[in-house]
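Student: Now for the letters of each chain:
There are 4 protein chains.
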Amino acid sequence: MTQTAITGATLIDGNGGSPIPDAVVLFEGDRFVGAGARNGSTLPEGATQVDASGKFLIPGLINSNVHLLDAWTFMIGTGTVEYLARFEGRLHEVIEEAAQIALANGMTTVFDTYNALQPVLFARDRIASGEALGARIYAAGNIVGMGGPFSADFSKKARETSSQTFCDRMDAMFEAGVGRRLAALPPEEVRLIIRDYLSKGVDLLKFAISDHIVLEYMNPHLTFSARVQRVIAEETWAAGKPLLSHTTSLESLNDAVTLGVDAMMHTSMTAGVPIPDDIIEQIIKKTVWAEIQPVHDEYQHHLETSGGMMAGYAGGVHRENIQRLIAAGAPILLGTDAGCTDPDCLADMSEGDRHERPWSIGGDHFHWFRAMRQLGMKPMDMLQAATKNIARAYKKEADLGTVEAGKFADFLILDANPLDDEDNYKRIHAIYQGGRKVDRSALPVKRLVTEYPRCEPA
Amino acid sequence: MTQTAITGATLIDGNGGSPIPDAVVLFEGDRFVGAGARNGSTLPEGATQVDASGKFLIPGLINSNVHLLDAWTFMIGTGTVEYLARFEGRLHEVIEEAAQIALANGMTTVFDTYNALQPVLFARDRIASGEALGARIYAAGNIVGMGGPFSADFSKKARETSSQTFCDRMDAMFEAGVGRRLAALPPEEVRLIIRDYLSKGVDLLKFAISDHIVLEYMNPHLTFSARVQRVIAEETWAAGKPLLSHTTSLESLNDAVTLGVDAMMHTSMTAGVPIPDDIIEQIIKKTVWAEIQPVHDEYQHHLETSGGMMAGYAGGVHRENIQRLIAAGAPILLGTDAGCTDPDCLADMSEGDRHERPWSIGGDHFHWFRAMRQLGMKPMDMLQAATKNIARAYKKEADLGTVEAGKFADFLILDANPLDDEDNYKRIHAIYQGGRKVDRSALPVKRLVTEYPRCEPA
Amino acid sequence: MTQTAITGATLIDGNGGSPIPDAVVLFEGDRFVGAGARNGSTLPEGATQVDASGKFLIPGLINSNVHLLDAWTFMIGTGTVEYLARFEGRLHEVIEEAAQIALANGMTTVFDTYNALQPVLFARDRIASGEALGARIYAAGNIVGMGGPFSADFSKKARETSSQTFCDRMDAMFEAGVGRRLAALPPEEVRLIIRDYLSKGVDLLKFAISDHIVLEYMNPHLTFSARVQRVIAEETWAAGKPLLSHTTSLESLNDAVTLGVDAMMHTSMTAGVPIPDDIIEQIIKKTVWAEIQPVHDEYQHHLETSGGMMAGYAGGVHRENIQRLIAAGAPILLGTDAGCTDPDCLADMSEGDRHERPWSIGGDHFHWFRAMRQLGMKPMDMLQAATKNIARAYKKEADLGTVEAGKFADFLILDANPLDDEDNYKRIHAIYQGGRKVDRSALPVKRLVTEYPRCEPA
Amino acid sequence: MTQTAITGATLIDGNGGSPIPDAVVLFEGDRFVGAGARNGSTLPEGATQVDASGKFLIPGLINSNVHLLDAWTFMIGTGTVEYLARFEGRLHEVIEEAAQIALANGMTTVFDTYNALQPVLFARDRIASGEALGARIYAAGNIVGMGGPFSADFSKKARETSSQTFCDRMDAMFEAGVGRRLAALPPEEVRLIIRDYLSKGVDLLKFAISDHIVLEYMNPHLTFSARVQRVIAEETWAAGKPLLSHTTSLESLNDAVTLGVDAMMHTSMTAGVPIPDDIIEQIIKKTVWAEIQPVHDEYQHHLETSGGMMAGYAGGVHRENIQRLIAAGAPILLGTDAGCTDPDCLADMSEGDRHERPWSIGGDHFHWFRAMRQLGMKPMDMLQAATKNIARAYKKEADLGTVEAGKFADFLILDANPLDDEDNYKRIHAIYQGGRKVDRSALPVKRLVTEYPRCEPA
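Sequence lines, in order, name chains A, B, C and D. Numbers 1 to 458, taken from my numbering, label the letters of the first sequence in order. Numbers 1 to 458, taken from my numbering, label the letters of the second sequence in order. Numbers 1 to 458, taken from my numbering, label the letters of the third sequence in order. Numbers 1 to 458, taken from my numbering, label the letters of the fourth sequence in order.
Treat the hints as calculated values from the structure; they're not laboratory data. Bear in mind the structure is a predicted one, so any value in this text is a computation, not a measurement. All clues given are correct.
It does not matter which identical chain is used: a pair holds within one copy or between any two.
Derived SDA-like pairs: lysine to any residue, alpha-carbon spacing no greater than 25 Å straight-line: (1) 156 / 172; (2) 157 / 312; (3) 156 / 343; (4) 157 / 76; (5) 157 / 348; (6) 437 / 413; (7) 285 / 188; (8) 285 / 185; (9) 200 / 457; (10) 157 / 168; (11) 446 / 165; (12) 286 / 185; (13) 200 / 456.
All chains should be modelled from the sequences, with the hints used to inform the complete structure.
Tutor: Structure follows, in structure tokens:
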């Protein structure tokens, strides 16, 4: 098998060291075989050479928290029935479409932490095998303890005008046996259910330590007692999987840190309560990875002036939480909750809500970079939060996160230095995933969700 | 072009005379060329002969009132979003599926009196041209004065959890410019709108003299003033189209009769008020065709004992209205409001609600025949209500309604005499539509709605 | 009985002639015995003399359209349950409180055109007999054809969380036998019901020619067929009562004018359709009195900029309708739909909604005067619209409307000329009702609704 | 002060020993001064003697769990607005009415574990001081962590049609500063809030370890983390008050037992999960008092055959939980959740729902006795569950629970032995509370809630 050498670019390899000018990055098949300064290396014989002089080469980006089927819609409640009815039987295609939009924007890998189990695993495997294009997917399936899209955790009200048969079928598919009912069961019953769930092929396990944000916005309750939390953790770790927490309050966050989960989603969302210093200290001391979902200043301003309920999402105390986590040096992951939003839902929104929306896949991570820079994060820290940190948090260091021999040859070539200006992440010259150059113009392959308008033949 | 002769069957030609034993029915291309007793005729040279000895040949059945997209679902309100979202862009295929199910059960022609205009005309034309199979369709599009599926006339509540963009698009498609707003406009504005609407290719015009039943079940209001009613009638008749009324109260029924519409839908539904004798007399005197939607005794019993809101639909005073119309000799049409119901909606129902359901296409007319026999209608009158009467009411006598030279060669060959037992309408030996034998086993061609379950690939 | 003479004021007697400076107005008991220039009259011996030099004396104001129980709340839907549950059993006291607030602001008579029949007649009689204070009340009870506060015409949604027993009891009380069901009945049944209703002691009969505005905002339907409308009119006139119409569309307005009702409520509200010139001509030719409910410029501006649904109420085409009716010289009545609003409902509103709110009794007519002046009405026409016109429209000329011998001695003494500036109607020096001076500071006698806050004893 | 001697009755003193025939019970002022067999005592000189030969004398009954304002209505959601609006400002009178109904049926003391704080303390003090009649009240005010009547814990949906000002005022009154928001706060903030709340005069503190049953019927979540639970317990015990738990799941029950609360409400309700044996063992070992709310066989049969959602309340696994607790000898308290139900809400119910309804005050404890006998509890255990046990659980042994010198002279004289047949509790001959004979026929003194119908003066 021939090797390929990318030469001349400034290499930012993800390990946090100084950028290496005039570097050579070598890969063969789907893996890197070397990377470093050009003067220290001779190009292998027969290697295909790609000149990238003047460019910047970084690891493929990773998103630690997406929901490729647009869970944000399920959460808001408007449009859920349409979305699921329209695409039922083709949900894996929606997931692939979302993965393709992500890939076309530089995301070579995404961790999907809430989705319909069967379709997401189906799409994951199709992409992994090369049958379909798209960001490489690792998937958690359901959030353990959370109900389906038509449960109290999401769009329950839509049941009033939908067929129960349809809603029940959707809920069962999403819950995959680990829904709200677990909150009522004793520890050893939960243990067996978790063990069974882990055997279904999920890559991660995420569990709801507290209520979903929609149930009672600022007064979240705990899904599981401390002893059941431990059972879930034991089983997950016994299966060698990363354990992720969903928390929406201080007490659930404290439980997550105490338990020592691998990563905490939307860490800053604490129902408007400042995270105490001692919890931040524990996060750092125990390296409990903190996924952060910020909103940039311009969007936050829009949310506040337009009076929407989302103003409190990443504003106020939550915003201060992010700033304090950054300032304290907490271990941070890029994540966005983004998914493939239906154009009808977007059309319902105001122009201000749509513009640079942080929860629609494709632009979500660009929003993240700007927001985190505004909140005080350093350029190299941001780059690592979007690459190496996630690989570490999710135990994928052998494959992902840096430009190093042995790992997947996932990388971006940018026209300008992303450490100078976070908007340079958008200036994508080329994307390589597993050693193959991505044809960005061909993505998404099939516009199932994003085609618009949908009309009858005339 | 060769002729085909069906020989030996007992002919019930739709004109109401005595059945003709050992008949010969001749057709060439899509039209009949002769029909009568065998002994009075010599078979044309080269005619293909089909022996039907011992069988019964009747005109192809016609339904004067269907909604091939399942308007009943829109009216009940549960499942509307799913139905429309799932099939958007393919609504004409749903209409074709419904038309094919109807055809496979002996309906060679259906009059669709409420539907999305563009898809129903598209499907109508495809069937008429032979591009698609299915019962021949004549279509009214919207009921003038009535709103779309997400308006107050149908599933407005579903708007609370749906995208407004989607609902608005659906409503606009169904309303086709002649929605609820017409109720607010002065006569001459309505005139221009109706004139424009009639130019869009509809075969009939149906207008809402009173409210839809869902708005206020037993207290219907009038959509149009008397002077606007007249304007609508004038324009429809000037365009040479039949005028149909939607009425749900005594006063709206009285207006319909006074105006002299061509046919009245669900004539017996008068918000629980007995139709006065003088109105029945006028119906007969002016031959205002009365479409009737009965429910058979077994189903009515189920509705009453299960306590559903549908018990009053064709029971109580409404049932007595039907009996009095039959007894008085009112001119009656078979109609059912039936459409292609989603399996999820059916699964939501109790077994009793599903069994021989009068509003699901395919079995709807069999239900009608049994119900009307129970209510006192004579066999030959029922056969004419399902054939010739509709052709007369809707001004299609040149093409439809009887087995007579010059008309479409639409006929059924039954194994047993439908005049002896209405269940014999189910004993279909063969169906011919426009001179072509229908391959019943091939219908519907594509199971878009009726396939079940819908699941993701494993 | 001694007479009283008010001397020295400028008299504006309500007949439209030039104001009479230095006038004498004489009354004895509850009636005027004379009024005119001082120099043409000798004061009767023993008359009590009240000097009003420099003041302006006008007839007591009349409101042609109030709902003393706050029907506006029932229409908006928020707060209806609280209002009715809190005051059940004391509704007549609420009505008295409202009538007292009206009186304290210069309204000596109000025509209540929608209210709970029994309580409003009870309060009317108590005030008429002197048992209770308050504006003199004439009452219509229910609007014929309209449902109670928990029907589709008002706050039906509140039924979802209320006891049905309570809602049914309230509805029955308000409907008083002439509710929505009438829309379904044949003419002769309606006749008997109306005849019975008229015998219950109502002073007026108001009927809903079209839907209430809440049912479908801009697409109103007709409650009654033309022949039923005639039956209602015949019975009302046979009983010698004024006939009032509720219309919300052009066609219902046209029906009202064609029928020749005595007065039309909220005449300008035509679902956004301009009233054609020929209808305005008929209004004038037949003297069909037009009650108008305007909103002044400042409030309209607030409604439009705050984006509320009320912006269309008296704005846009409806505003133009008012302007055209004024310009054409249509016969106009002051009316406001105002009632005694609950402080909790007011507290829910924005400051802008509360300030000079046109639908809260007390300030409602001051709002009206300003609005109508802004819309082009002349000072003397406004004064007559608030006095003599209403007496004429409602056939009360023998008792009300002008300062003339024989009529009730209802009058206001103002500090400044209301023909100069409509705000001078607020500059009330004294109010006389039926010859008795009103102690404004004592009104309302009992703050049942308007007391605030309501709290438990500490 | 003179003493009174009840002589000749069979005394069942509440301590569980054999009944004492021909006993003498002596009291002076509001306290017992002696009780025992007659032959062992000489009546004090001057004692008033009351002959009760043939009767049975038992301690005054106590209910460990009532909500005198009908919280059941708030929970069901229907009728809440009416109830609170109708009686706002007079809620203490409603509480007194309920306490009077309870007293008239043999309840001399009730523990109100959820109620509007200010009114219940006001009524408590009025009764304690003799200003008002009624069962002696001890009150908890709000359930710590639970929202008001218009929060997600009760009738939130009613907010859609109510004024927010009203709902907010009611919620604030009921929450009394210890509402749902506590679930979001860190331990030391909760500590200060609890400390403050305890200083407001409550007699008990009850806290929600898990969600209210209405939020998600069978999947309850935990309100407080383990560390916050401990804080609440510490503060309560430091203040010398009994600590009560609200639990609706196994995990919350386990937390309650682990924490060692004084009493657990509706102990058997575990979202359909059997209570494990080890938890039952701990309940017994630690004497964690278990309030039980059973439903008797006849009522349970009605609930199951009528298909209501209440069938699962005390049926199925919950019923088995009760049976197992009884069989194991768990320490049990009588409690019913009963309150003063509005007649409109009762009228809404079916006859079967109303008959011997376990949640309407007055008959509630009679229902309890029958149900518990059917479930296997012994007569003497039931009597103690309704008397002495509650005094012990709530630390009121100095005053309540048995017929012993020094305690309040609260007792019933029954016509028949309640240990023979639980229906004999209904055969009340006389009730004494604090040494005063209760005039049962005079209760309730004022029928505020229970008067019916409410109508306007005619």
